[in-house]
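S.K.: Based on the sequences and whatever the hints tell you, model everything.
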Amino acid sequence: MVNSLDLQASFEATLEGLGLSPGAAHLLWLPLPMVLVLVAAVVGVLVNVWLERKISAAVQQRIGPEYAGALGILQPMADGLKLLFKEDIIPARADGLLFTLGPVLVLVPVILSWLVVPFGQTMLISNVGIGIFLWIALSSIQPIGLLMSGYASNNKYSLLGGLRAAAQSISYEIPLALAVLAIVMMSNSLSTVDIVNQQTGAGILSWNIWRQPVGFVIFWICALAECERLPFDLPEAEEELVAGYQTEYAGMKFALFYLGSYINLVLSALLVSVLYLGGWSFPIPVEWLAGWLGQPLDAAPVQVITASLGIVMTVLKAYLLVFFAILLRWTVPRVRIDQLLDLGWKFLLPIALVNLLVTAGLKLAFPGVFGG
Amino acid sequence: MFGFLKQVGDYTRDAVSAAQYLGQGLSVTFDHLRRRPVTVQYPYEKLIPSERYRGRIHYEFDKCIACEVCVRVCPINLPVVDWVMNKATKKKELRNYSIDFGVCIFCGNCVEYCPTNCLSMTEEYELAAFDRHSLNYDNVALGRLPTSVTTDPSVVPLRELAYLPKGEMDPHGVDPSRPRAGQLPEQVLETLPKTPAASQAAGTTKGAADA
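Heads up: the sequence lines are chains A and B, in that order. With the working numbering, the residue at position 73 of the first sequence is 73, and numbering never jumps. Heads up, the working numbering is the position in the second sequence plus 1000, with the first residue counted as 1.
A hint or two may mislead.
What the hints assert, rightly or not - Derived pair list, reagent style DSSO-like, types lysine-lysine, alpha-carbon separation capped at 30 angstroms:
1) K1063/B / K1091/B
2) K1046/B / K54/A
3) K1006/B / K346/A
4) K54/A / K82/A
5) K1090/B / K1063/B
6) K1006/B / K363/A
7) K156/A / K86/A
8) K1166/B / K1046/B
Because the hints were derived from the structure by calculation, they are not lab data. Here the structure is a predicted model, which means the values were calculated and not measured.
M.R.: Structure (structure tokens):
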């Protein structure tokens, strides 16, 4: 394994050099990656909103936001500020506690899932052993929040939207988990870092997308459905349900939903890039590049460069997928609820099962290629 | 067994064709990304209305003979012609004339039938007001000329698509001296062979255009 940049070790070593105990140094280190990832997630959402509006405009031959900052880059900030200053309304007949708890329950698991998103060998908050399974488990808390806010709003549209959201999340969770299971089987680990490491070696050729093309498609479709992105945005289908479970929400509580859906999109894109597109790895392995340039991998500048390259690659892959999701939004019409459930249960679920079985068979037959 | 295999085959074919359609759709939207918008930034840029644009009506009080033809040809008898009979001179004396543009449908019938040409249509279309009653224009308001888009220093005038040179789609940055695509009727007539009848016809058309 390549000895890569370990910020935590060097940070703690520096603090211990200043005379702090190892425990205190660790305690000082702990909040840093958390805050950093939180900021990264929020900035990612701002970029995402801006991209969404600009790409939507370009697809429709409009200009899009233009006056707030250069190329309208401050527009999402302005939107956020507006929501921040808006009156926080709780409808008179609504259940105040559940109404407030709903958006929180939607947002918190999504942000918590960033725990396992790796941007490099050591560039993640925590390399927990259950890794990707943690994300699947956390993402099934979300429908409870959606159902809660739909029920507490005391509004038929909200209730229908909440029910739809719950039905959709539950039915797409299964093929999603099966697609992930095939990957996990190949890499013999649930940890996201191990999954990426298993995809290094031959650069772009060793990425999981070549070994799991079907799994990739299933995962991406399910991820879009989990994020309630078009063509699966039935829970908030404005033509039928006003805004679904968000109907009664305003101000910061609405902003939490908004933030949650976009963080979820970025997160899903990041996880697709981690699971199928080799995470932080460059299309040509950095080890080869360093070898050709005659640079030792242990040298500090080389490590900084490879670490930054890893972050750039992860984000780039994720945003390519986000771009694809936005383009898809203006390409395909919304599916009906029966079509949605048909697709989930009658198409994706059997295909995901077959995919899992075939992967298991291939793993037994070709342990070298499919991770013995 | 074969029934099942056939089902699987049909299913696969359906899935593949669905994927193909999806790809087609994506290529259409992706292609639109490189087409530039032709947005006219409205308050700062405005399109030049065409010659026969039917905007707010202009009225010349001194030309009016109070015949009320405009009222009769109006679909809703909208113009209010306020006149009294001067017994001494035995002539109509016009006091006021008004049209309510909150009700007018800009059909242009009054302009068409006015015997003294005291009514005409302008290119003014920005009639927004805080009170609908202020859209009821009297003869003074009707006599005002609108600001032309081409002479307003705070507005960039842009030509409409039909008035652009051949091949141009975007009105931005097109040289105003470049002529529009195609030929005007008098230009077509000039190219026709000169027979006495044709030249006479050309003369009359030209005269009509001048009038």
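S.K.: Which constraints among the numbered hints does this structure fail? Numbers only, ascending.
M.R.: none
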